[in-house]
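Asks: Could you build the full structure based on these sequences and the hints that come with them?
Just so you know, the sequences run in chain order A and B.
Note that our numbering has the first sequence beginning at 1, numbered continuously upward.
Note that our numbering has the second sequence beginning at 1, numbered continuously upward.
Everything labelled a hint here was simulated from the structure, so no lab data went into it.
Errors might be hidden in some of the hints.
[Claimed, not checked] Below 30 Å or equal to it, Euclidean Cα-Cα: the simulated BS3-like pairs (lysine-lysine) are:
1. A:Lys283 to B:Lys34
2. B:Lys92 to B:Lys119
3. B:Lys34 to A:Lys18
4. B:Lys119 to A:Lys18
5. A:Lys71 to A:Lys135
6. B:Lys118 to B:Lys103
7. A:Lys94 to A:Lys298
8. A:Lys16 to B:Lys46
9. B:Lys46 to A:Lys283
10. A:Lys4 to B:Lys34
11. B:Lys46 to B:Lys22
12. A:Lys298 to A:Lys158
13. B:Lys103 to A:Lys283
14. B:Lys20 to B:Lys82
15. A:Lys79 to A:Lys266
16. A:Lys283 to B:Lys76
17. A:Lys18 to B:Lys92
18. A:Lys94 to A:Lys341
19. B:Lys92 to B:Lys105
20. A:Lys283 to B:Lys118
21. B:Lys82 to A:Lys283
22. A:Lys283 to A:Lys353
23. A:Lys346 to A:Lys283
24. B:Lys118 to B:Lys16
25. B:Lys82 to A:Lys341
26. B:Lys92 to B:Lys21
27. A:Lys16 to B:Lys34
28. A:Lys127 to A:Lys71
29. A:Lys79 to A:Lys353
30. B:Lys21 to B:Lys118
31. A:Lys18 to B:Lys118
32. B:Lys20 to A:Lys341
[To be verified] For each label pair, taking beta carbons as the anchor points, the in silico distance ranges come out as:
33. B:Glu120 to A:Gly162: 48 to 58 Å
34. A:Arg336 to B:Gln35: 16 to 26 Å
35. A:Glu281 to B:Lys118: 54 to 64 Å
Just so you know, even glycine gets a beta-carbon here, dropped at the ideal spot from N, CA and C.
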Amino acid sequence: MSGKPLRTPLYGAHVKLKARMVDFHGWEMPIQYAGIIEEHTAVRTRVGLFDLSHMGRVRIQGRDRRAFLQKILTINVDKVPEGKCRYTFFLTEKGTPIDDLILYAGGPDDFLVVNASNRERDLEWMKSHLSGDVKIVDETLETALIAVQGPRSVETVKAVLGIDPSGMGYYTFATLGEFFVSRTGYTGEDGFEIIVPAARSVEIWEKFIDHHVAPIGLGARDTLRTEAAMPLYGNDLDEATTPLEAGLTFAVDLDKPEFIGQTALKAAGAPGRRLVGLVMESKRIPRQGFEVFHEGKKAGVITSGTWSPVLERSIAMAYLPTALREPGTAVEIDVRGRREKASVVKLPFYRRKKS
Amino acid sequence: MRPDDYKYSESHEWIKYNEKKKEATVGITDYAVKQLADLVHIDLPKVGDNIEQGAPFGEIESVKTVADLVSPLTGKIIEVNKEVGGDLDTLKEEPFEDGWLIKIKPSDPAELESLMTKKEYEEFLEASEEDKEDKDDKKDEDVDEDDFV
Chain A
1 MSGKPLRTPL YGAHVKLKAR MVDFHGWEMP IQYAGIIEEH TAVRTRVGLF DLSHMGRVRI
61 QGRDRRAFLQ KILTINVDKV PEGKCRYTFF LTEKGTPIDD LILYAGGPDD FLVVNASNRE
121 RDLEWMKSHL SGDVKIVDET LETALIAVQG PRSVETVKAV LGIDPSGMGY YTFATLGEFF
181 VSRTGYTGED GFEIIVPAAR SVEIWEKFID HHVAPIGLGA RDTLRTEAAM PLYGNDLDEA
241 TTPLEAGLTF AVDLDKPEFI GQTALKAAGA PGRRLVGLVM ESKRIPRQGF EVFHEGKKAG
301 VITSGTWSPV LERSIAMAYL PTALREPGTA VEIDVRGRRE KASVVKLPFY RRKKS
Chain B
1 MRPDDYKYSE SHEWIKYNEK KKEATVGITD YAVKQLADLV HIDLPKVGDN IEQGAPFGEI
61 ESVKTVADLV SPLTGKIIEV NKEVGGDLDT LKEEPFEDGW LIKIKPSDPA ELESLMTKKE
121 YEEFLEASEE DKEDKDDKKD EDVDEDDFV
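Replies: The following block contains the structure:
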């Protein structure tokens with residue numbers, strides 16, 4: 001990314017809230033407001049508000065769009081009912097992720113939400129595979145994306161926006177009043193992601209703030225998604241991994257009609273390494289890039305690591321040989337020259353109680 | 001809140017020197033605590049360890065980053081605050097009192113002269129904030145996302 005950082009329509013609102021701002025893949029974004037742990041706890045126990053307007057929002061139009069999506073996505077789009085959201089991938093011919101994304105199926109177009117860091121690359125890649133009557137429209141800069149996450153999301157959205165999303169199933173979307181709403185998120189909690197016109201976003205954001213919904217920065221977004229073991233592109237996923245190694249088999253249908261990367265994944269067979277969860281004994285934090293050892297030999301590298309406010313332990317994810325994926329397996333993590341004890345645990349680290 | 005009779009280092013440690021006992025108490029400033037935010041862990045040395053001015057004597061870690069604790073003086077450690085590791089909130093609430101970290105017997109008290117007074121430290125903070133704003137204006141590819149999402 002070069003040139004001046006981009007700002008979301010809510011930039012001024014973040015500054016007004018005295019957020020600490022950072023450059024995130026070319027976007028000037030809030031990393032924290034009150035503090036990462038306080039924000040994390042607000043989302044786990046009450047409700048929090050996120051500005052996700054940096055994420056790519058792309059509309060796919062045209063008569064041949066279904067055939068196009070079938071070719072570039074790892075899920076069978078013919079089996080996704082209209083009104084549903086699905087997690088899926090763009091893959092290289094080698095079967096490794098170019099990006100992970102959400103498909104919003106149907107009605108009348110299809111819609112994709114992709115990572116901010118990959119938006120331009122994704123658009124280029126999609127355009128290179130265009131065929132027939134398909135139009136790709138990048139709507140990222142015309143709209144804002146606001147997420148409301150936490151156990152009190154339903155009542156909060158009702159009270160603040162005057163719409164009732166309580167009938168929506170998880171991973172569905174709908175137009176409610178003037179809002180395009182999906183029951184999705186990246187926190188491990190119930191919640192909604194709401195697309196609004198850029199021009200109205202500040203007014204809507206401030207309504208939530210006035211309703212005492214805690215604003216949440218990218219810092220807590222990372223601790224929340226790591227506890228929930230939701231992968232982050234650039235950390236846990238990249239062009240040197242496969243979705244199968246990451247354990248994301250639910251998002252890959254190897255038996256569907258042909259898609260890019262399918263042949264390589266089929267040929268690769270069962271993965272020799274897997275993404276596993278690690279919990280450390282020490283409170284020192286294992287961070288991305290730290291090496292993992294098993295019986296004195298290097299076994300892998302940390303892809304994500306942080307402090308878990310819920311477990312009050314240091315947690316991490318790493319790709320380890322398949323034989324080491326059993327919970328309870330003892331490993332060591334090199335934290336700045338000192339080996340710290342850790343053990344393999346079942347993912348996710350945190351799972352919400354469903355009501 | 002920053003005591004007038006303490007000395008300060010550029011790496012944000014404070015030093016309270018007791019002339020009579022020839023002992024120095026060392027901690028980190030409110031500014032350091034605020035910058036680190038969300039503290040999770042502190043590693044402190046043992047009584048009897050020798051430490052050197054400018055060299056790390058421990059580390060302090062927050063959710064988003066880790067920093068060395070840098071010794072402002074050369075000498076021997078005579079006491080370590082055992083309470084503070086179990087309750088890092090003390091550092092937030094009383095960084096200059098109960099939040100002290102170690103006590104040192106300095107081998108060369110003249111090193112105190114190389115440290116800043118409170119006034120000098122506050123000027124130093126102001127200058128480094130301005131410097132940071134300067135850099136913020138210029139930065140183009142200064143992407144610092146690795147610790148974060």
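Asks: Hint by hint, work out which the structure violates, then give me just those numbers in ascending order.
Replies: 8, 12, 18, 20, 32, 35
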